[in-house]
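Asker: Single-letter residue listing:
2 protein chains.
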Amino acid sequence: MEKKYISQAVIKRMPRYYRYVNEMIDMGINRISSKALAEKMGLTASQIRQDLNCFGGFGQQGYGYNVESLRDELAQILGLNKDKKAIIVGVGNMGRALTKNFHFERSGIELIAGFDLDFGSIDTVNGPIAIFPIDNVDSYIESNDVEIAIITLPKELASTTAERLVRAGIKGIWNFTSSDLHLQGYGIPIENVHFSDSLRTLSYNMEKNNV
Amino acid sequence: MEKKYISQAVIKRMPRYYRYVNEMIDMGINRISSKALAEKMGLTASQIRQDLNCFGGFGQQGYGYNVESLRDELAQILGLNKDKKAIIVGVGNMGRALTKNFHFERSGIELIAGFDLDFGSIDTVNGPIAIFPIDNVDSYIESNDVEIAIITLPKELASTTAERLVRAGIKGIWNFTSSDLHLQGYGIPIENVHFSDSLRTLSYNMEKNNV
Chain A
2 MEKKYISQAV IKRMPRYYRY VNEMIDMGIN RISSKALAEK MGLTASQIRQ DLNCFGGFGQ
62 QGYGYNVESL RDELAQILGL NKDKKAIIVG VGNMGRALTK NFHFERSGIE LIAGFDLDFG
122 SIDTVNGPIA IFPIDNVDSY IESNDVEIAI ITLPKELAST TAERLVRAGI KGIWNFTSSD
182 LHLQGYGIPI ENVHFSDSLR TLSYNMEKNN V
Chain B
2 MEKKYISQAV IKRMPRYYRY VNEMIDMGIN RISSKALAEK MGLTASQIRQ DLNCFGGFGQ
62 QGYGYNVESL RDELAQILGL NKDKKAIIVG VGNMGRALTK NFHFERSGIE LIAGFDLDFG
122 SIDTVNGPIA IFPIDNVDSY IESNDVEIAI ITLPKELAST TAERLVRAGI KGIWNFTSSD
182 LHLQGYGIPI ENVHFSDSLR TLSYNMEKNN V
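Those sequence lines, one after another, are chains A and B. Convert by adding 1 to the 1-based position in the first sequence; the result is the number in my numbering. Convert by adding 1 to the 1-based position in the second sequence; the result is the number in my numbering.
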């Protein structure tokens, strides 16, 4: 992949394309025009062509997109075919919800263990993964080539724990702590999940509906 | 508020502005230039001015933004000062995580009850709210003026339950079921929380880091 500047707005749409394309495959659709894809996604056809052209195109004039090829190209762009290993740090309700219900394998990720501070009070097996005390996390990351840490700890513990995980070798953080992590200088991608942004967007759209 | 077209991209940034402005208030910052706000948020100063001008501006040339006034204006735009009532439908791990840890009041929302299908097997009180059997949901919505339903049910039950809730009077849905709800014709805003989009954005940014 060529290293050129692609805006975060385009990047944020890539997972959405991937999701829609997978839905089309589930529905038995083999090919689709940029116009039809645009309608489904609430975008314009030219925006879709522009977005996908950032990565080399993939459509053919007069034919549209072959849905399975597009899915494979998007998976490659997003790095979903790399089989990255992940651990979850903090196994409270949020951690359990993810462990039991989220399909990590659909994002090319293998969740291999959980870690918790309050080790004595929780089950040592949570669905498909074992839970270990946090003291062991550094050596576990190193010996198992863990790349991703999913942090579902209380806010107060988020930053210090994240720093520790990065020092132990973590390459990316999926942060559910509702506090933005400050890890300047490490150069590690962090994806913050902000539930409140989503709820406030809903609130805005409800207001607009009432005008 | 004037009813004019504002793009979803602008709307999606409003909750982020609100979040950053609140952080500044917590840090004791009274006023900020669009340039400084832009740097914090990874946007450009002109984009911020353009975004806020969609709703009437609020900044003053040479002064910047008064942070508290901006917070109040954003709260009004987002409808966070309306005290909407919400219920949660599905009280598994995800429902419990939200009930116990999420600050609904910071979005002007009061979570007043939970409902579950599998009523016999769960606690009837979960943190601050009582949990009722799903059979009672319709009359509860009507007699308590509930506007928002938070759906944390298994995917298979999402669409039929959402329709039932809207028929009972729900005005907006916050959907955690990882299946897009199809409620065409009802004209109800739905905000879908797609964890996988966020994880795949992380995956992309990790790949890019490795190039």
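These are calculated hints, taken from the structure and not from any lab test. Be a bit skeptical, because a hint or two may be false.
Which copy is meant is left open, so a pair is good if it fits within one copy or across any two.
[Claimed, not checked] Distance condition first, Cα-Cα at most 16 Å in a straight line; then the derived EDC-like pairs of lysine to aspartate or glutamate: (1) 41 / 143; (2) 41 / 148; (3) 13 / 208; (4) 86 / 106; (5) 156 / 146; (6) 13 / 27; (7) 156 / 208; (8) 172 / 119; (9) 172 / 208; (10) 41 / 157; (11) 83 / 208; (12) 41 / 111; (13) 86 / 111; (14) 13 / 119; (15) 41 / 24; (16) 41 / 73; (17) 41 / 181; (18) 172 / 143; (19) 36 / 136; (20) 209 / 148; (21) 36 / 111.
Quick caveat: nothing in here was measured; it's all calculated off a predicted structure.
Asker: Now look at each hint and say whether the structure bears it out.
Answerer: Taking the hints in turn, this is what the structure says about them:
In this assembly of identical chains, residue 41 and residue 143 lie within 16 Å of each other by CA distance neither inside one copy nor across copies; the values are 44 Å within and 33 Å between. For the homomeric pair residue 41 and residue 148, neither the shortest alpha-carbon distance inside one copy (34 Å) nor that between copies (27 Å) is at most 16 Å. In the homo-oligomer, the alpha carbons of residue 13 and residue 208 lie at most 16 Å apart only across protomers (14 Å), although the nearest pairing inside one protomer, at 26 Å, exceeds that limit. Within a single copy, residue 86 and residue 106 get their C-alpha atoms as close as 10 Å, which meets the 16 Å cut-off; across copies the closest is 37 Å, which misses it.
Within a single copy, residue 156 and residue 146 get their C-alpha atoms no closer than 26 Å, and across copies no closer than 33 Å, so neither meets the 16 Å cut-off. For the homomeric pair residue 13 and residue 27, neither the shortest alpha-carbon distance inside one copy (23 Å) nor that between copies (29 Å) is at most 16 Å. In this assembly of identical chains, residue 156 and residue 208 lie within 16 Å of each other by CA distance neither inside one copy nor across copies; the values are 30 Å within and 28 Å between. For a Cα distance limit of 16 Å, the shortest separation of residue 172 from residue 119 qualifies neither inside one copy, at 25 Å, nor across copies, at 40 Å.
Within a single copy, residue 172 and residue 208 get their C-alpha atoms only as close as 41 Å, which misses the 16 Å cut-off; across copies the closest is 10 Å, which meets it. Proximity of residue 41 and residue 157 under a CA criterion of 16 Å is satisfied in neither setting, with 41 Å inside one chain copy and 21 Å between copies. Proximity of residue 83 to residue 208 under the C-alpha cut-off of 16 Å is restricted to the inter-copy arrangement: shortest distance 9 Å between copies versus 43 Å within a copy. Taking identical chains as interchangeable, the C-alpha atoms of residue 41 and residue 111 are never at most 16 Å apart, the minima being 31 Å within one chain and 34 Å between chains.
With identical chains, the CA atoms of residue 86 and residue 111 are at most 16 Å apart within one copy only, with a shortest distance of 5 Å there and 39 Å across copies. Taking the shortest alpha-carbon separations for residue 13 and residue 119, neither the intra-copy value of 35 Å nor the inter-copy value of 37 Å comes in at or below 16 Å. With identical chains, the CA atoms of residue 41 and residue 24 are at most 16 Å apart within one copy only, with a shortest distance of 11 Å there and 37 Å across copies. Proximity of residue 41 and residue 73 under a CA criterion of 16 Å is satisfied in neither setting, with 20 Å inside one chain copy and 36 Å between copies.
In the homo-oligomer, the alpha carbons of residue 41 and residue 181 lie at most 16 Å apart only across protomers (12 Å), although the nearest pairing inside one protomer, at 33 Å, exceeds that limit. Taking the shortest alpha-carbon separations for residue 172 and residue 143, only the intra-copy value of 12 Å comes in at or below 16 Å, while the best inter-copy value is 49 Å. Taking CA atoms no more than 16 Å apart as the test, residue 36 paired with residue 136 passes in neither setting, with 53 Å inside one copy and 43 Å between copies. Taking identical chains as interchangeable, the C-alpha atoms of residue 209 and residue 148 lie at most 16 Å apart only when they sit on different chains, with a minimum of 14 Å there against 42 Å within one chain.
Taking the shortest alpha-carbon separations for residue 36 and residue 111, neither the intra-copy value of 35 Å nor the inter-copy value of 41 Å comes in at or below 16 Å.
Consistency note: the structure conflicts with the earlier hints numbered 1, 2, 5, 6, 7, 8, 10, 12, 14, 16, 19 and 21.
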